[in-house]
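In my numbering, the protein residues as written are 9 to 309.
If you are wondering where the hints come from, they were derived from the structure by calculation, not from laboratory data. It is possible that some hints are incorrect.
What follows is a set of in silico ranges between Cβ atoms, one per label pair, in the way DEER data are often shown [as the list claims (entries may be wrong)]:
1. S287 <-> Y218: 28 to 34 Å
2. I29 <-> L163: 42 to 48 Å
3. I153 <-> A64: 24 to 30 Å
4. F243 <-> P45: 17 to 23 Å
Note that CB positions come from ideal geometry on N, CA and C, so glycine has one too.
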Amino acid sequence: MDTNTTTARRDLALALVAFAIAFVLWQSSPLVALVYPFRLFVTFVHELGHGMATLATGGEFIRFELKSSGAGLAYSRGGIRSLIIPAGYVGTAIFGATLLYATNRTRRAEWIAIGLGGFLALLSILYTGISTSNLNTLERFTVLIPMIAGIGYFLIAEEDRGRLIGGGTAFVALLLGLYLAAGDNTLALMVGVISGAVLVAIGIVGMLGYRDVTRFTLNFLAFVVGLNAITDAWFLLRIVSNDNLIIRNDATAMSEQVGLPASFWALMWILTAVVLFGSSVWLTFFKPMQDAREEPLPWKD
9 MDTNTTTARR DLALALVAFA IAFVLWQSSP LVALVYPFRL FVTFVHELGH GMATLATGGE
69 FIRFELKSSG AGLAYSRGGI RSLIIPAGYV GTAIFGATLL YATNRTRRAE WIAIGLGGFL
129 ALLSILYTGI STSNLNTLER FTVLIPMIAG IGYFLIAEED RGRLIGGGTA FVALLLGLYL
189 AAGDNTLALM VGVISGAVLV AIGIVGMLGY RDVTRFTLNF LAFVVGLNAI TDAWFLLRIV
249 SNDNLIIRND ATAMSEQVGL PASFWALMWI LTAVVLFGSS VWLTFFKPMQ DAREEPLPWK
309 D
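Based on the provided sequences and hints, a complete structural model is requested.
Written as structure tokens, this is what we have:
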């Protein structure tokens with residue numbers, strides 16, 4: 009058995025373990041507390057999907073919000089509505105499928121974790137409606153004094169321990185400032201910043217030699233998001249198929265914008281998510297093994 013086939017099977021085994029854990033978590037009611045942070049992360053990705061589609065079609069992405077219930081809202085102006093509306097569910101599926109493929113088709117998954125973490129943290133800072141006007145005078149001093157002191161100590165410290173203390177103090181002050189500046193939308197900001205920080209940390213762990221930890225974590229996240237893209241759209245189909253429920257959602261908005269029943273759009277998003285994520289699984293794991301088996305053996309004279 010050649011090295012490529014062995015590596016592909018090993019990566020598949022890691023991914024299957026990640027899938028099994030993600031599936032069990034999502035199907036077990038007693039574990040709902042463990043699932044909750046991932047539920048918020050999926051909603052975070054969903055709302056950013058609307059926002060990125062807005063920007064891609066020439067509109068203005070104003071901000072997005074997350075609710076403690078797991079629901080979310082994205083506020084935008086302009087753009088192509090018929091592409092922006094489905095971008096929540098479809099974008100979530102694309103995120104999961106792309107993350108799964110990229111994680112397992114590159115040798116340096118840690119850079120994916122670091123880049124993704126930084127990108128998500130940046131988007132949460134840019135699009136959660138942060139404003140210094142949300143801080144009163146006392147809060148501004150509470151943030152600025154330790155931040156300036158921390159930066160100063162970091163610059164003058166001669167040992168790593170001192171630089172760590174200074175940098176840590178400045179970072180905590182920055183987080184406090186962001187938290188206060190977010191006003192009533194702190195949940196969306198914290199989900200983005202904390203998720204970003206965790207991903208960066210996971211990437212650093214990989215750079216220190218624990219690459220399987222990084223790859224497993226990214227696979228787990230990809231499966232969580234990918235599975236939710238399907239189950240959330242399925243739940244949406246059940247809602248819009250019930251005539252007794254009158255709830256504003258993406259499917260009804262799409263029906264009003266383009267036509268056709270809301271249930272049609274929910275079903276289309278289910279199928280799209282299945283095709284996207286199923287294709288990613290095939291291209292990531294099974295096709296490389298199939299190609300390896302079909303390669304001609306070297307000729308021995």
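Item to check | 42 to 48 Å as the expected CB spacing between L163 and I29, which holds or is violated | outcome: Holds, since I29 and L163 (Cβ atoms, about 43 Å apart) stay within the stated range.
Item to check | Outcome for the supplied range 17 to 23 Å, where the beta carbon pair is F243 and P45 | outcome: holds (19 Å)
Checklist entry - Could one say that the CB atoms of I153 and A64 fall in the range 24 to 30 Å? => result The hint (24 to 30 Å, Cβ to Cβ) is violated, given that I153 and A64 are roughly 41 Å apart.
Checklist entry - Regarding S287 and Y218, is the given constraint of 28 to 34 Å on their beta-carbon distance met? => result holds (30 Å)
The earlier numbered hint that this structure contradicts is number 3, and it is the only one.
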